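Trainee: Here are the chains, one letter per residue:
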Amino acid sequence: SQQGEEDPQALSIQEGENATMNCSYKTSINNLQWYRQNSGRGLVHLILIRSNEREKHSGRLRVTLDTSKKSSSLLITASRAADTASYFCATDKGNYGQNFVFGPGTRLSVLP
Amino acid sequence: GAVVSQHPSRVICKSGTSVKIECRSLDFQATTMFWYRQFPKKSLMLMATSNEGSKATYEQGVEKDKFLINHASLTLSTLTVTSAHPEDSSFYICSARDQLRGAQETQYFGPGTRLLVL
Chain A
399 SQQGEEDPQA LSIQEGENAT MNCSYKTSIN NLQWYRQNSG RGLVHLILIR
449 SNEREKHSGR LRVTLDTSKK SSSLLITASR AADTASYFCA TDKGNYGQNF
499 VFGPGTRLSV LP
Chain B
1260 GAVVSQHPSR VICKSGTSVK IECRSLDFQA TTMFWYRQFP KKSLMLMATS
1310 NEGSKATYEQ GVEKDKFLIN HASLTLSTLT VTSAHPEDSS FYICSARDQL
1360 RGAQETQYFG PGTRLLVL
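Top to bottom, those sequences are chains A and B.
When the letters of the first sequence are read in order and numbered with this note's numbering, they come out as residues 399 to 510.
When the letters of the second sequence are read in order and numbered with this note's numbering, they come out as residues 1260 to 1377.
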């Protein structure tokens, strides 16, 4: 079974709307991290949430973690065309970022 | 801070040749770096963990003689794709952890190297 599965796999919204992406996982984790990837580029770290945390904010980003449901969500508020990218969750089962498992990602398109 | 670079960004080579990809941590030291492979519109798959001064740890199914990893210094890891074949064409991304700053659990990624084997 695959760790870190995002849904939806693709999401298209209008500029100004909110975008919500979900990530589910199957085994216990130490932390979960969200990354963003523009087409053909490397990954940019967005936010880390530890297993003992339930919610974190960073600018227009809000991440939640529900360890009982083994799921996380990434909310981008007031989306912009520049937010168009693929978003991946990565679950870290071990300590110190040694055991990342990436989900398949959500391709977000924000239309102007 | 926490910048990781990769070189080259793109490479085209003939089948049977070897290609070396460099991954550098520019403003921090990294005892551990990671090499990932990504197919188009797919997620990242960890290939191996590169440890400075010791042998790399390869994930199941990754041929260590095919993908040679050398982590000779605290700021440089190299991945050499030996005797490359068209099926090796992919996007290769490295990452590193900054163990002295910020969250130690975070990996910082390079911009990736697109390999095309003809």
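If you are wondering where the hints come from, they were derived from the structure by calculation, not from laboratory data.
A quick note: this is a predicted structure, and the numbers were derived from the prediction, not measured.
Please note that a few of the clues may not be correct.
Derived DEER-like restraints, expressed as beta-carbon distance ranges [to be verified]:
1. Gln1319(B) <-> Asn416(A): 35 to 41 Å
2. Gln407(A) <-> Lys1314(B): 34 to 40 Å
3. Pro406(A) <-> Glu1322(B): 33 to 39 Å
4. Lys467(A) <-> Glu1318(B): 39 to 45 Å
5. Gly457(A) <-> Pro1345(B): 41 to 47 Å
6. Ser466(A) <-> Ser1277(B): 27 to 33 Å
7. Arg458(A) <-> Lys1314(B): 40 to 46 Å
8. Lys467(A) <-> Lys1301(B): 24 to 30 Å
9. Asp405(A) <-> Gly1312(B): 38 to 44 Å
All C-beta atoms in this analysis are idealised placements derived from N, C-alpha and C, irrespective of residue type, glycine included.
Trainee: Next step is simple, just say for each hint if it's right about the structure.
Mentor: Against the structure, the hints:
no.	hint	in the structure
1	Gln1319(B) <-> Asn416(A): 35 to 41 Å	39 Å, holds
2	Gln407(A) <-> Lys1314(B): 34 to 40 Å	37 Å, holds
3	Pro406(A) <-> Glu1322(B): 33 to 39 Å	35 Å, holds
4	Lys467(A) <-> Glu1318(B): 39 to 45 Å	28 Å, violated
5	Gly457(A) <-> Pro1345(B): 41 to 47 Å	42 Å, holds
6	Ser466(A) <-> Ser1277(B): 27 to 33 Å	49 Å, violated
7	Arg458(A) <-> Lys1314(B): 40 to 46 Å	43 Å, holds
8	Lys467(A) <-> Lys1301(B): 24 to 30 Å	26 Å, holds
9	Asp405(A) <-> Gly1312(B): 38 to 44 Å	41 Å, holds
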